[in-house]
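> Sequence:
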Amino acid sequence: MTDVEAVRAAPAVGSRRAWLGLAVLLLPVLLVSMDISVLFLAMPTLTVDLDPSAAQQLWILDIYGFLIAGLLITMGNLGDRIGRRNILLVGATIFGIASVLAAFAPSAAVLIIARALMGVGGATLLPSSLALISSLFPDARERAAAIGVWTAFFAGGSAVGPIIGGLLLHQFWWGSVFLINIPVLLILLALGPFVLPEHRAGVLGPLDLPSVALSIGGILPLVYGIKHIAAEGLDVEAIVISLVGAVILTAFVRRQRHLDEPLLDLRLFSRAGFSVAIGSSLVGMMSLAAMSYLTSIYLQSVTGRDPLAAAVLGIPMAVAVFIFSMGGARVGQRFGARNSFAFALAASAVGNLMLLGVGVHGGIWWYLAGSTIAGIGYGIAFTLVSDVAVSSVPAERAGSAVGISETSFELGNALGLALLGSLAALIFRSGGDYAATLGETIQHAGANTALIDSARESFVSGMHIATAVGATLLLAMALIALFASPRRLEPSTASVH
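Convert by adding 6 to the 1-based position in the sequence shown; the result is the number in the working numbering.
Honestly, the hints are just simulated from the structure, not real lab data. Predicted model, so just to flag it, every value in this text is computed and none were measured. It cannot be assumed that every hint is accurate.
Claimed, not checked - Distance ranges between label pairs, derived from CB positions:
{"hint": "1", "residue 1": "R273", "residue 2": "F110", "range": "21 to 27 Å"}
{"hint": "2", "residue 1": "A29", "residue 2": "A456", "range": "52 to 58 Å"}
{"hint": "3", "residue 1": "P216", "residue 2": "S21", "range": "40 to 46 Å"}
{"hint": "4", "residue 1": "G310", "residue 2": "I188", "range": "31 to 37 Å"}
A virtual CB, placed ideally from N, CA and C, is assigned to each residue, including glycine.
With the hints as extra help, turn the sequences into a complete structure.
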């Protein structure tokens, strides 16, 4: 279907079918974002059952985000060519099969493979769902409202993931956090062909496969090398792998500059507003992922709460993210995107810094207040990012632009766990003769309460340092947004070209 055919097939503005289509699009968004964080609370239980090594634990968490980050740009471009609804439904099928495999994984290695397949499926769902909003809502104001709802579910899904995980773990085994995906995906597959318009761009050439290989071949070894340095220290293996990734990514960027139909449209980054938005999502997700992961371990392994009690304490942040995601576009229109980005990032930084008040034997109110304030900032910032990505590009490039935007979200999530999570682990291990993780240390300590207390103190120190680094990055990005970007980015009320 060409662009003209897509416009003819699109539901009328504000029609019931358009809003029903949006409701269907929210299903994969919620699942993909939930699966970023749903394992945070499940890791202690999963560790006992599958006995993964420290490296395997990080890969169980990271491989999903890494593959989504590596494939989002590719899948966004592919959706522009073969049809966004088509690739959405194919991705949902892959995601569902992989979820079943993950739920019944007999070993850590199989779980890592299943999470990788989920990443492949998830990479098709995010850019297609957000790009289809342009077809469902050609009116700019309604589109802005729809994007706000979409972002609320995306950001809120990541925040609510640990809560859902805690509720399921209270009644079932850890595999249930994956099986919950199946009924939701079945609804998507049943209703999607009837309520979602198909859209493909008829003017784009074939997908450049060498660019696809270069993008994936550069991102994965570079991130692996960084993870290895953080976990094991600087050695020859880490240097060689990191250099290989950097060289491949350099070749990828050089190739994009000479292609008529690049996989990554670097011209978008010539707009200061777009660059600030992408930087904000990258830094925002880094800090959010690290904070969510580390506080999930803190609430269970340090304070001794069960998964359900830990999940309940995460509700204020989830509510804050959801509510302020819904209103983020209006905040940007009222105060200008530059000021709104700066405020949102600064609020997130303040929330992270408030976690410095959390200790082994108290300070839970610091966690509740800090996570809620951070949630307000994250909600506003993430909505502005999505709004800019969709509103500032021609309709035929919406999929690739959204791919860039969502890549920054997923790469930020993966880097937050890899870098800030590994930094916290490094500080933890340097505090004494501990096992690779706090959970393993407590499990092997037996009745040695002195060792357990010491390990908990060391973990809290690592959490403090990691969240402080995340807050520093947020403040730096807030200053960049305030002084290096135009007063208003491309407003959501502008028409799609």
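> If you test the structure against every hint from before, which numbers come out violated?
1
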